[in-house]
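Student: Let chain V serve as the given structure and place chain P on it in line with the hints.
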Amino acid sequence: ILNVEQSPQSLHVQEGDSTNFTCSFPSSNFYALHWYRWETAKSPKALFVMTLNGDEKKKGRISATLNTKEGYSYLYIKGSQPEDSATYLCAFNTNAGKSTFGDGTTLTVKP
Amino acid sequence: NAGVTQTPKFRVLKTGQSMTLLCAQDMNHEYMYWYRQDPGMGLRLIHYSVGEGTTAKGEVPDGYNVSRLKKQNFLLGLESAAPSQTSVYFCASRDYEQYFGPGTRLTVT
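So the protein lines, in turn, are chains V and P. Basically the working numbering = 1-based index in the first sequence + 3. Basically the working numbering = 1-based index in the second sequence + 6.
Simulated from the structure, these hints should not be mistaken for lab results. Quick caveat, the model's predicted, so the values are computed rather than measured. Be a bit skeptical, because a hint or two may be false.
To be verified - A few chain P residues facing chain V, derived, Cβ under 8 Å:
no. : residue
1   : TYR37
2   : TYR39
3   : MET47
4   : LEU49
5   : LEU51
6   : VAL56
7   : GLY64
8   : GLU65
9   : PHE96
10  : GLU103
11  : GLN104
12  : PHE106
13  : GLY107
14  : PRO108
15  : GLY109
To be verified - Capping the alpha-carbon separation at 20 Å, the derived lysine to aspartate or glutamate pairs in EDC-like fashion look like this:
no. : chain 1 : residue 1 : chain 2 : residue 2
16  : V       : LYS101    : P       : GLU85
17  : V       : LYS60     : P       : GLU65
18  : V       : LYS45     : P       : GLU36
19  : V       : LYS101    : P       : GLU36
Note that the Cβ used here is the ideal one computed from N, Cα and C, for glycine as well.
Bound conformation, chain V alone (with noise of 0.2 Å):
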C-alpha cells in the first residue's frame, strides 16, 4: 500500500491569511502528483498537475510546487477568501496508472 499523506487535516485561517498545506508520497514509482479541490457535496476538480520535479504552477492565487527526490509537494493559497473554504486533496500516480489519494486537508476561511 502506498501510503501518501497530507498535513495538516484541518486549517481554520481568517479571510486575508496566506496558508500552505503539504502533501508527501513514495518516491519510486512516479508519474505525476495532481492536487484536487473537493467541495461538499460536490465531486472532486483537478487544480493541477505536476509530473517534473521542481514544478511550479499557478493559477490565480493558488499555486503548488513538487519536489519527487524528496517526495513532497506544496499547495500554497495566498490571501484566502471564504470562497475557498473546501478538501484540498493531493494523488500520487504511478507509471502503471494507479491514482492514491491522500485523506485531505480541509480548509475554513472565515471572513
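Tutor: Structure of chain P alone, referenced to chain V:
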C-alpha cells in the same frame, strides 16, 4: 459532453443482496477508476482500468468485482453486500487529469 455519469445516484441494499454500479464516460479516456469515500477519509481506490478489457486491484478491492467490456463503461459489482460497504462511491476517468462522476450513495442495512 456529459462527462462522467454514474447510475444509480442512491441505493439501499439489504445484507447479502447484489448490485452493479455503472460508470460511463464520453471523453474517450483510457483510464477509469472506482473509489469509495468514507467519513473522515479521502478517496480509497477499489479497482482501476488502463484500457478496454483490463482491470487491476486498488487499495481496497475485497468484496468488489469490476468489468471494462467497453471503453466508455466501467462497472463495479457487489456480489454479496455487507454493511461495511456502506459508502459513497465515485467513478473517475482520466487523460491528463481525473474527471469525477457525481457519486453514488450506497447504504447496506
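Student: Under 8 Å, Cβ to Cβ, is where GLY107(P) needs to be relative to chain V, so tell me if that hint holds or is violated.
Tutor: Nearest chain V Cβ about 7 Å off; hint holds.
Student: Holds or violated: LYS101(V) and GLU85(P), Cα atoms, limit 20 Å.
Tutor: Given pair LYS101(V), GLU85(P) is violated - Cα atoms ~24 Å apart, limit 20 Å.
Student: Given a cut of 8 Å on the nearest C-beta pair, is the interface hint for GLN104(P) held or broken against chain V?
Tutor: Hint on GLN104(P): holds, closest Cβ of chain V at ~6 Å, below 8 Å.
Student: Minimum Cβ distance from LEU49(P) to chain V below 8 Å?
Tutor: holds, 4 Å
Student: Can the restraint linking LYS45(V) and GLU36(P) be considered satisfied, given a maximum Cα separation of 20 Å?
Tutor: violated, 24 Å
Student: Compare the distance between the alpha carbons of LYS101(V) and GLU36(P) with 20 Å, and conclude whether the hinted pair is satisfied.
Tutor: The hint holds at about 13 Å.
Student: Would the hint on MET47(P) stand, with a C-beta cut-off of 8 Å toward chain V?
Tutor: Since the shortest Cβ distance to chain V is 6 Å, the answer is holds.
Student: Quick check on the hint: PHE96(P) CB to chain V CB, less than 8 Å?
Tutor: It holds, given that the least Cβ distance between PHE96(P) and chain V is near 7 Å, below 8 Å.
Student: Holds or violated: is the Cβ of GLU103(P) closer than 8 Å to a Cβ in chain V?
Tutor: Holds, because the Cβ-Cβ distance from GLU103(P) to chain V comes to roughly 4 Å (cut-off 8 Å).
Student: Can the restraint linking LYS60(V) and GLU65(P) be considered satisfied, given a maximum Cα separation of 20 Å?
Tutor: violated, 29 Å
Student: Does the CB of PRO108(P) sit less than 8 Å away from some CB of chain V?
Tutor: holds, 6 Å
Student: Can PHE106(P) be said to touch chain V, with a Cβ gap under 8 Å?
Tutor: holds, 4 Å
When the structure is compared with the earlier hints, violations turn up for hints 16, 17, 18 and for no others.
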